[in-house]
Structures are given as C-alpha cells and as structure tokens.
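Participant: Given the coordinates of chain A, assemble chain B with the ligands onto it according to the supplied hints.
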Amino acid sequence: MINKDLVLSIKELRAGFGNAEIVKGVSMDIHRKDLVALIGPSGCGKSTFLRCLNRLHEETEGAWVKGKAELFQQDLYERGTDPVEIRAKIGMVFQKPNPFPSMSIFDNVAAGLTIRGIKKRSYVADVVEYCLKQAALWEEVKDKLKAPGTSLSGGQQQRLCIARTLAISPPVILMDEPTSALDPISTAKIEELIMELRKQVTIIIVTHNMQQAARISDKTAFFLLGELIEFGATAEVFTKPQEKKTESYITGRFG
Amino acid sequence: MKPRHSYLMLELSTERKIRNWAALIIISVMAISAIVPLFFVFVHVIKSGLPALNWAFFTSLPTPVGQPGGGMANSLWGSLILVTLGSIIGIPIGVFGGVFLSEYGKGKIAFIMRFVVDLLTSVPSIVVGLYIYSVVVVPTKTFSAYAGGLALSILMFPFVVKTTEEVLRLIPQHIREAGLALGIPRWRVILSIVLKGALPSVTTGIMLGIARIAGETAPLLFTAFGNRFWPHGLGEPMPSLPVQIYSYAISPFDEWHNQAWAGAFLLMTMVFCFNLVARLLIFRDKPSQTL
Ligand SMILES: Nc1ncnc2c1ncn2[C@@H]1O[C@H](COP(=O)(O)OP(=O)(O)OP(=O)(O)O)[C@@H](O)[C@H]1O
Ligand SMILES: [Mg+2]
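Residue numbers (our numbering), protein chains in the order written: chain A, 2 to 256; chain B, 20 to 310.
Quick caveat, the hints were computed from the structure, so don't treat them as lab data. Note that the structure is predicted; figures quoted are calculated from it, not measured.
Pairs of lysine-lysine, DSS-like flavour, derived with a Cα cap of 25 Å: (1) A:Lys147 x B:Lys215; (2) A:Lys143 x B:Lys215; (3) A:Lys12 x A:Lys90; (4) A:Lys145 x B:Lys215; (5) A:Lys120 x B:Lys215; (6) A:Lys121 x B:Lys215.
Excised from the complex, chain A in its bound form (with noise of 0.2 Å):
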C-alpha cells in the first residue's frame, strides 16, 4: 500500500567519515508538511544526519552512507539514482547565509532556475518575484534586485538563500541552524516565515533553540552521539519526554 502522506522514510540509516560512525542507525518517518525540529547536543551528529538526506554528505572526503532513505518511496541511495536529481527536490538552507558571490540578487533567486537551462526571462522574473515574496524580502529589495546578493544584511541574505531555495519548489526543506548566525529581529523574521512555508512544504529544521523547537515545531527529535533517542509530537517531547536522557537535556543537564 503506498501512503502518500509519507514522505521519508528513513531505516536504519548510518552515515560517517572513515572510520568514525557519527550518525548509527537512524530510523524515523516524516509526514507531509510535518514540521520536525532536531535537537541535541553540538556533535552528535544532526548536521551529517541532515545531509545524508539531500545526498550533501557525500561530498565531503571520507564519507559514507549506509542504509535506507526513501522520499515519496524512492530509495536516495539506490544504485544509479542521481544525487543531482535528488537535490532538486529537497531544498537546503545553511547556517551560515551563503549566497553566490558576484550574483546579483534577483541572479541568486534564479540560479537554480538558470543554471539548469530554463531560460524563458518572463517565467523566471515571475518566480523570483513570487519567491521574494513568499520569502517576505520583496519589499525590501523590489528597487534594488541588480544589487549584489552579498550588499544585503545577514537576515536578509538569509531570506534571500530561503527564497532561492523555494525557487525550485522542493517539496522538502532542510534546514541547519538557519538562525543561528542572525539577530532576535532577524530570527522572528524567519521563524514567521517558516510557519508559512509550512503549510506547503515539509520542513526539517535543526536548532540549538529550545524555545525555538518549541514555538514553531510540531514534531521534535532528539539526537545523542549519533542515535535517535526519542521522536515524537512536540509537546509531549518538551512536557513529558518518554526518555530520561531526552529529559536531562532539555532541562539542560548536558549539552
């Protein structure tokens, strides 16, 4: 039976660098327009879990993957499957705001267009503009779209790197520590607009923020040296977490 509301799903996925296994038998499912938040303390290995999920960790020297990963029942890392093809479909934001260098503003929204050949100027201006838009920055930079990328300020990089990756529609986003780098002003920003975006795409968000998983997550997992210790609905992780270690962490015994 094929459950459409299954997005990914993830079996025993371990992923690591040579010898060292930093992600060691991950399995969970994500539902349509799920919001899930990862949390756990720096190092345990939420970033590498992440990018094995848009086929990014395998770029980095040493890296290997084992396991399973489906998205919408596709296996990412069946023989033969092209991570290009997987990364068009699940979208990543950064930490740190990273848009292309020498591009200009509406360039970056377009690159992922552009780039991949879809040249037609009155289809793509209208995506930058619906995606500026849906990444609340239009306003500010509807003037100066032929300004540097990097001109922006740091929060508005960022929306600028959310919306060029809304440009290519995933259907899922990851996104590590998209916050982390920005101001409280900045991160409001953000946050309200990802409970936007949630309501058409499914979001993974890893965040050193508890306040932040809490305020705008509805599912929340907790990573520990590389193993999922517990995944459930928000609230019932914050308030009453099944595990005594996802509870000393939260209340902030270590990490």
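Facilitator: Frame of chain A, contents of chain B with the ligands only:
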C-alpha cells in the same frame, strides 16, 4: 599597589612605542630602497624615450641605417599579434588548469600537474624559446608568429594556472554546497557559480599574465624572430616591440638608440597600464565581496 602598576604600564607602553617607531623606520627604509631604483629607471626611460617618441614612431616602418625618421609600427602590430596568439593559447589552458587543480585537485594527476606548473614558472624564458625553436621552428624550417605565440603561451599559462587556482580556493566550500543543494550538476556549479564568483580576480590574474608576456624578448628571439616589414602572415617571421628594442639597442647607431628608448618607454607604459587596470579591478571588487 596601584601606582606601581600604572608606572609599569607607562614604562611598557613607552618601550612599545619606541619599538613601534623602530620597526616603522626600518620598514620605511626598506620600502624606499625598493622604490628608489624603480623610480630612477622610470625617470631615465621617460627622459630618454619621450623625446624620441613622435607620430611617425606609431605609423611608419623602420628606415634603413642613416636615413632619419621611421618608426616601429610593424613591431607594435607584431607584438599585438604575438601577445594575442599567446593569450588565445595560454588563457584557456591556464584557466581550466587552475579550475582543475582547485576543484578536482586531489589525486596523483593533480600532484604531478602542480609540480610541473611550479617547475614551468621557474624555467628561464630563453629556455622556452630554445625549446620551441627545436620543436617548431626547425621542423617547419621557418621562424613564425605561431612559434612565437606558442613560446609566449608557455610562459603565460603556468602563471594563470596558479593565480586561478588560488582565487578559486578563496571561494568557500559552503558556496559550492549551496549550488549543489539546488540540484545543479557539479560542473555547472564550478562554471556558473565558483568561476563566475571569482571572475574579477581571475581576470586580474590573466591581465597580469598578459603584462608579463608583453615585455618578453628572449622567447621570441629564435621563434618569431622579427623583420623590418609589416607582418604578412602567421606562418612567417613576426616583428615585435621587445625584439626590435633589443636589436636597436645593440646597434652602433645613435638614431636607433633613441628609437630603442622610445620603444622601451612605450612598452613600460603599456605594461604599467595593464598592471594598474588589473589592480583596480581587484580593488573595485573588494568591498562587495564577503567571502
Ligand atoms: N569532515 C569531517 N571529517 C571527519 N569528521 C567530521 C567531519 N565533519 C564532522 N565530523 C565529525 O562528525 C561529528 C558530528 O558532526 P555534525 O556536524 O553532524 O554535528 P552536529 O550535531 O551538527 O553539531 P552542531 O550542533 O555543533 O552543528 C563531529 O564529532 C565531528 O567532529
Ligand atoms: Mg551542525
């Protein structure tokens, strides 16, 4: 306790000030002693070259010995052709070599390539000239613009490879990842994002490379050779500014000496302008780039 403490601080800071001054003076003396000779060379070349420079210099062919006037129009034109040829061969090899080393430069091939490029940058230019003489000029039985351009390209491309590799490495890894994460194939990320992002700096490297070969004499002596007429075709000997300066400078005629100075002045000015534009290009681009 307190007075003693502040007394110590004061002493320390006076000492530090003196040391600061001493360092500044030494550095300034060094800098000036590097600039002064350059300044004298400039002044001398300008003083000797400028008066000999006139309209005819740019428009006429060299005249026979004893006949006044004439110019180096053919050499100017020839230099332009030779440098263009050298660039057409050298720039693509240089840029793509640099891209390869920066983006795929991990295995054995890259190691060997890097080693060869390092070697090539230190090979004396006359050796490059001799090499092209033996592999191109001798078999084809003629000096030619092709041979000259080839020799220049061999001098140019290692430099462009090195600068391109260096500036591409300045583009952080997470920029490449951002491109990959959009579902853009790796080679397109490299061309349309990494290389494009570093284009101003890559261009600077190319311009410095051109400035470098524009003044080369040794590699052209036995390759393009030179003549006293308008360039005919690329398969024939090709005059060039540096070689013309060289042959006039070693001649016994005052008239020719003056022309050599004029040529030297022109060459120096052109190379200077190229360098200046190259530097300005970096400068202009700096503020907007947060790498
Ligand atoms: N390129 C690499 N080679 C080897 N080990 C690495 C590499 N990158 C990361 N690691 C190791 O993998 C482990 C997990 O890193 P990861 O970035 O996934 O943690 P994280 O949970 O995202 O931490 P943080 O919250 O600090 O971002 C760390 O112990 C780190 O040392
Ligand atoms: Mg991380």
